[in-house]
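Visitor: Residue strings, one per chain:
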Amino acid sequence: MAGTGKAHLHGEGQALLSVEDLLVEFPVGRTGLKVNAVTGISFDVLPGETLGLVGESGCGKSTTGKAIMQLPRPNGGSIRFEGQELTSLAGEGMRMLRTNIQMIFQDPISSLNPRRKVTNIVMEPLNIWGIGTPEERLKKVNEVLEAVGIDPDRAASSKPYQFSGGQCQRISIARALVLDPKMIICDEPVSALDVSVQAQVLNLLEDLKAKFGLTLVFIAHDLAVVKNISDRVAVMYLGKMCEVARSDDLYARPAHPYTQVLLNSIPVPDPTVKITGNQRVQGEIPSPVMPPSGCRFRTRCPIAQDRCAAEEPELQALGNDQYVACHFPLRSAN
Amino acid sequence: MTSAMHRPQDGTLLELRDVRTHFSTARGIVRAVDGVSFTLERGKALGIVGESGSGKTILARSIMGLLPKRGTIRQGEVLYAGDDLAKLDLKGMRKFWGQEMSMIFQDPMTSLNPLMKIGNQIGEPLRVHLGMDKENARATALKLLQDVKIPEPEKRLDQYPHELSGGMRQRAMIAIALACGPTLLFADEPTTALDVTVQAQILDLIQEQRRDRNMSVILVTHDLGVVAGHTDEIAVMYAGTLAEKATTAELFANMKHPYTEALLRSIPKLDQPSHTRLMAIGGRPPDLITPPTGCRFAPRCPYATEKCRTEIPVLESISAEHSFACWNPVGSSHWQSKQDELASNAGLASAGGQA
Ligand SMILES: Nc1ncnc2c1ncn2[C@@H]1O[C@H](COP(=O)(O)OP(=O)(O)OP(=O)(O)O)[C@@H](O)[C@H]1O
Ligand SMILES: Nc1ncnc2c1ncn2[C@@H]1O[C@H](COP(=O)(O)OP(=O)(O)O)[C@@H](O)[C@H]1O
Ligand code: SF4
Ligand code: SF4
Ligand SMILES: [Mg+2]
Ligand SMILES: [Mg+2]
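Protein sequence lines, in the order shown, are assigned to chains A and B.
The first sequence runs 1427 to 1760 under this note's numbering.
The second sequence runs 4 to 358 under this note's numbering.
Treat the hints with care, as some may be off.
What the hints assert, rightly or not - Below, in silico cross-link-like pairs of lysine-lysine (DSS-like), each with a Cα-Cα straight-line distance of 25 Å or less: (1) A:Lys-1635 x B:Lys-272; (2) B:Lys-120 x B:Lys-146; (3) A:Lys-1608 x A:Lys-1565; (4) A:Lys-1460 x B:Lys-158; (5) B:Lys-72 x B:Lys-90; (6) A:Lys-1700 x B:Lys-272; (7) B:Lys-137 x B:Lys-120; (8) A:Lys-1492 x A:Lys-1608; (9) B:Lys-152 x A:Lys-1700; (10) A:Lys-1637 x A:Lys-1608; (11) A:Lys-1566 x A:Lys-1585; (12) A:Lys-1637 x A:Lys-1566.
Simulated from the structure, these hints should not be mistaken for laboratory data.
Sequences and hints are given; from them, build the entire structure.
Guide: What follows is the structure, encoded as structure tokens:
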């Protein structure tokens, strides 16, 4: 199968999580057609690293995050965590996965059970996995609530609707932390928040990462947010990988035309910066049911040529840990 | 009401004089908008910026007369091309909706009718307000869909909202809002629910339509980045009042209010190295039933002094294009000494961290 390449993967044993040739498809009703949500992407995450996943709505970011959690089990490819293959896990192995990797979601309020007290919501994973005595559980819950800046007393007597959006996101983070995971997959955790609360939550994630030695996968569509929190960033488009690079390099020297237009879309809080419409990506993302041949970005790419329709580009190394999947990258090897 | 044919091309379109909108609730009086005054010229775009709950939406709705009937207490004047809209009832306001002013909402899915084809939704105001026949309305709807650059516009006429992507739905919403050629367009967080790429396209589109049609636009958002490139003037709102108002260029070049400064500092910027610590504003905006005495921002302001906690700063102009309400504005001696103190504390903290 024409994949998008693996030149960017680290050597065996270095990564905490390695995803290879990930394939996720969804049937379209009974038409026999399928949504090509994620088509053969590969990436890895080093221990202690924050990897950002960016791209437009529908490009497969959440699908990728959920596939790591085996929700649902992907249609193809390999996902290894600490060397162990996750796609064939069952029983005790699933327990290992469900405690070691946690996920938090975009909509903080609806992802919390509205009828339960916050303390119980945060404790639930401990109950499910039967970890600790009731006293130990409460102690752990209060510890993580403190760590995310929620008053344990208030949590014991209040339900989610009594907290603001930003506080609910803190509560989701506390619930993710309570099992002492090694990795947290954050799916658009700040997209629904005000700029001021967004800054509080981003700072909190940085602090918790240091305090608990976490590894993060951070999914978002705003490259400025992703750049701020990530060490490396992977840019996705329509189920494919476009570019992988260190955050600072991706901004300073984008190599993929899609990365460039994504950067040009970010609202800059400086009125002297003028970006015109034609520097931005135009049109709509094509249907993942019938994605374009060759390079999937070609229908919107400002520099597409004939070759782009005929041949799918593979990720190639530019040096300095930067990789791009484009026949005509904006810059050549370092 | 001035008819569209005799509409002047410039001059003041809208003037607010001490507008207050309070809600009487079981918990007490919510002072959602508490004394806002400003003017807006024809053809200009004004951004209203502030955190969630600062009163932006209620201010926009107070101008449009889209407020709940029960428990709403209104004061002040909303002068629109000479008429005081605050005095009008629902029936009086109806004459202004559509042809004079219209609104684009944050979530197109909840404001579009899910059971009605896009073409009919755009055509309806044309038939109701402009008395067009069915055929004419459909042709105009198609033209509007082309104006808002929806892909395959003919096809969209006969589709339902759920068949469109989020960006296309927002374009359809804009087409409806533009249908009767409004003089003033409100956009309340029009892009908050959208992707950055689509957001940029939609903001560009609103700007382009404003220029083509010589409309005034009021753009409501929590993100200073969104208004920077798409407005002529900005009003920063906090806890129901205006903290600062200036032309966009002046505000960014010479911001005076600590709240404006804090909003700007909290945004992650592309030109900062990754892992740059963000300057979050601690705490949350106050409860508008019992707002703080003195300056409403004082409990969260790093530069607050005793005076701030007791005396309300009034909005004062430093030039024709800039006013703000603060006792210790950015650049003042107290602000400067606090900056130095904060910087040296940060220095100590990081030195301590390394030891
Ligand atoms: N359960 C499902 N059934 C059918 N199609 C699905 C399903 N889940 C996702 N998809 C489709 O797969 C593609 C990728 O979806 P995904 O949710 O991963 O996108 P995303 O990048 O997270 O987008 P967003 O930024 O909107 O969250 C989309 O076309 C989506 O409509
Ligand atoms: N119908 C209402 N009754 C009581 N309070 C209200 C009502 N509508 C809005 N509010 C309150 O008024 C304040 C300002 O709201 P809003 O204008 O929606 O804020 P923003 O748009 O800036 O986020 C908030 O505290 C909100 O809870
Ligand atoms: S491969 Fe071709 S179409 Fe794809 S991004 Fe590169 S230049 Fe554009
Ligand atoms: S008046 Fe005082 S508290 Fe209010 S913003 Fe100015 S310095 Fe801060
Ligand atoms: Mg998603
Ligand atoms: Mg609002």
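Visitor: For each hint, tell me whether it holds in the structure or not.
Guide: How the hints compare with the structure:
Only pairs whose Cα atoms come within 25 Å are accepted, and Lys-1635 (chain A) paired with Lys-272 (chain B) is accepted, the gap being roughly 21 Å. Among the hinted pairs, Lys-120 (chain B) with Lys-146 (chain B) is consistent with the structure: their alpha-carbon atoms are about 16 Å apart, no more than 25 Å. Distance hint between Lys-1608 (chain A) and Lys-1565 (chain A) is fulfilled; the C-alpha atoms sit about 20 Å from each other, no more than 25 Å. Our distance criterion of 25 Å between C-alpha atoms is met by Lys-1460 (chain A) and Lys-158 (chain B), whose separation comes to about 23 Å.
Note on Lys-72 (chain B) and Lys-90 (chain B): the hinted pairing holds, with a Cα-Cα distance of about 14 Å set against a maximum of 25 Å. Proposed proximity of Lys-1700 (chain A) and Lys-272 (chain B) is supported: the alpha carbons are some 16 Å apart, at most 25 Å. Pair hint Lys-137 (chain B) plus Lys-120 (chain B) holds up; C-alpha atoms about 14 Å apart against a cutoff of 25 Å. Taken as a hint, the Lys-1492 (chain A) and Lys-1608 (chain A) pair is honoured in the structure, with Cα atoms around 16 Å apart against an allowance of 25 Å.
Only pairs whose Cα atoms come within 25 Å are accepted, and Lys-152 (chain B) paired with Lys-1700 (chain A) is accepted, the gap being roughly 22 Å. With a CA separation close to 12 Å, the supplied pair Lys-1637 (chain A) and Lys-1608 (chain A) stays within the 25 Å bound. Between Lys-1566 (chain A) and Lys-1585 (chain A) the CA atoms are separated by roughly 19 Å; this keeps the pair inside 25 Å, and the hint holds. Proximity of Lys-1637 (chain A) to Lys-1566 (chain A) is assessed by CA-CA distance (about 15 Å); at most 25 Å being required, the pair is judged to hold.
Against the hints set out earlier in the document, no violation occurs for any number.
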